[in-house]
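Working from the sequences, and respecting the hints, build out all of it.
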Amino acid sequence: MIKLTAAAAATVSALALFTGAAFAEKLTIGLASEPTSMDPHFHNLGPNNAMSVHLFDRLIAQDEKQRLSPGLAVSWKPIDDLTWEFKLREGVKFHDGSDFNADDVICTMERAPEVPNSPSGYGTYLKGKTFKKIDDYTVHAITEAPYPLMANDISTIPVISDSAGCGAATEDFNAGTAAVGTGPFKFSNYKPGESITLVRNEDYWGDAPVWSEVEFRPIKSGPSRVAALLAGDVDMIAGVPTTDIKTLESKDDIQLSQGVSNRVIYLHMDQFREDSPFVKNNDGGAIKNPLMDQRVRLAISKAINRDAIVERVMEGVALPAGQLLPEGFFGVSDKLQPVAYDPEGAKALLAEAGYGDGFQMTIHGPNDRYINDAKIAEAIGQMLTRIGIKTAVETMPRSVYFGRASRGSPDGLPEFSFILVGWGAGSGEASSPLKSLIHTYDKDKGFGSSNRGRHSNAEIDALIEEALSTVDDEKRQDLLAKSTEMAIEDVAIIPTHFQVNTWAAKKGLKYIPRTDEYTLATGVVKE
Amino acid sequence: MTVFVIRRLMQAFFVVFLMSVIVFFGVNIVGDPVYMFVSPDADQADIEAAIRRLGLDRPIWEQYFLFLKGAAQGNLGDSFVFGEPALKLILHHMPATLELAFSALFLSIVLGIPLGLFSGLYPDNPVSKGIMAGSILGFSLPTFWVGLMLILLFAVELGWLPSTGRGDTASIFGIQTSLATWDGIRHIFLPALNLSLLKISLAIRLTRAGVREAMGQDYVKYARAKGVSTSRIIFVHVMKNIMIPVVTVMGLEFGSLIGFSVVTETIFAWPGMGKLLIDAILQLDRPVVVAYLMIMVLFFVLINLVVDILYSILDPRVRLQDQGA
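Chains as they are written, first to last, in full-length UniProt numbering: chain A, 1 to 527; chain B, 1 to 325.
All the given hints hold, so there is nothing to weed out.
Some chain A residues flagged as far from chain B (calculated, every beta-carbon gap over 12 Å):
hint, residue
1, Trp76
2, Asp135
3, Pro146
4, Glu274
5, Pro343
6, Ala458
Under 8 Å between C-beta atoms, here's a sample of chain A residues computed to sit facing chain B:
hint, residue
7, Ser37
8, Phe42
9, Asn44
10, Thr124
11, Glu194
12, Pro218
13, Lys220
14, Trp423
For each label pair, taking beta carbons as the anchor points, the in silico distance ranges come out as:
hint, chain 1, residue 1, chain 2, residue 2, range
15, B, Leu314, A, Ala392, 54 to 62 Å
16, B, Leu302, A, Lys132, 54 to 62 Å
17, A, Asp203, B, Ala170, 27 to 35 Å
18, A, Gly206, B, Phe65, 47 to 55 Å
19, B, Leu91, A, Lys127, 35 to 43 Å
20, A, Gly508, B, Leu56, 44 to 52 Å
21, B, Asp183, A, Pro146, 56 to 64 Å
Rather than coming from a laboratory, the hints here were simulated on the basis of the structure.
Just so you know, even glycine gets a beta-carbon here, dropped at the ideal spot from N, CA and C.
This is how it looks when you write it as structure tokens:
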């Protein structure tokens, strides 16, 4: 009798396992920000990219730590200095049943930078590359100069179908007729502002998803998103507000998932104007810009209590930063630690630089862009005031802030003297921030486009440029680490902390956190 | 009547033109949309290309004339964010907002007027005092907070109603609406209640004041003396007279229900045009903001017209021809 019961129990649990895998299971996710289109080449924007991962594979995939792995390409390698060879996966089918081959890749690379009305496309990643079909499953990418970041760039381009997608307009993708990819999910329904529904691709070449159907619901308001999860209307939410984390932690039926992001929050300082608009002496008169002095910048860095920012402003949900990317990313230095909090040392450095009595300045920052951005600016203002730099704080909506911070002065230069900004390394390695934030502003070469402090050091520039043309991974890693170390020594920018993102799900579900902040249905696992 | 309507339409045209100048220039001097759209990875050449594509390299007056030219052909510009015509986006989101506004208006009438009538007829009754105290809360509590409380109570704690989003829709006279399905009605109830709270309070107070005033009037006393039944006095004589201010105010407030459903739509993730507007403002999607404001101007102008016509039906002493002269 006992044996029989045990056997019955085993059968029941085996059945449960079986049904768990085969039966329809729906997952509902509350998103903090909504994709603007189902066209994967329409807008190069986080929420759009995250959505398109479900429907469209890339030649090279990025895992949750943004490491590259084979996608629609099984292998890729440089065959000479100017040519990369991609071997494509055979036997892959699009959602409409057609075969995937080199024609789809060629037409994808042609369409991606050329979508009409696109606010910001994928041209950045395809510039200077020519694609050639060698045979049905081999494609060559030819560049004008040696180019090591080929794989990173290609991993951002969603591959669409030659027959269904390449001639189609953005509307056709939104309607679903052209939204035909090879990805783990198929398009089902798209109601802008309301919901996006996807169904499982039963013939997926990779691991088939657990969920037979996924519904994404954009719920922008943070408290409403939390309420929707608590009410059981959604199974998981992205972007848990830091203020709600403690409440959710105390609930038994909710589970949090946290992971560090590729986004560093940092301070940029005016280093190119003798007379900086928001720096004054103690009487409010003009002075020679003290931020041009490395000792003053280092003093500021020492005056910032990064642990206090993490603990008090970010409620423990962040990591103190000593460089441009958290550890584990390609090109980070293992020698750099966050600059220690040392107000006395900071004062001494200020005195040494001739500013023993301090000066006045304004810190500008956004108030709706990064997690707790305005509060961080206020905290930094207080910390600097404590060492004698009387710092006023001015924050504004990002719609106003970024334009002024980039080219707001009458002559089209950055308007502010001292700003709080963030940078997420989309490519998942250190050349991304180095190229855009640290390299000298150079319009013709396209470097330093977000270098709003205009820090400039020819030696670092040379190292970065060398890294960007070194195909050997090991050598490039060293060059990137070396340039980062020099930039931090120069105090080109002051990193404060890395953001940590939080997802919350109902009990029994867990999200594998991603450094790129994407919310993917394939990352939701059952426990 | 026809002359009146034509004159009002001409006024409306002028108002709309004037608003287009104010709105267009007002919206276009705030912020810099380019940095809202270009990917952070973009280099200087990409940024300049984006500026050209969005037409932001042209002088502002030239942008305005291009806008006017398009508007004359029914094209209010393409959304920066969605790449689609702004008008189409707004019309697409309009049914959701209209059904929300109508539901809220319905709630404020079916709840507000009877409650106001009761408290006007029996001002000393404790229930009346409760109603008046409640109406003060309806006025003074912030919509945002009330909305969250409604979600916490009815969705999170009690689990009776869904917290956010729009439910299933079905077609009534060719229009997709939530009001046609039970799931849809369950979804619309909380946001409609949230949106209507202020209007309910308004309807209560207007009705109550009207009733109290009318009950002391000579014509009521005369009707009573003649032996007319109380219910006839209240529902025919009194109500007809006090409905004029109520209709006027509710008509105007209907415009504001549509225009200011923004907060409610944001909290309840209701996919209406209020939410579209808030998103557009935050992202500096100028064509959508301009198109939205222009449509709202048209709405208010039309609502005023309808209110004036309803006036003349309720009170024959009001002659439309006499107005606006």
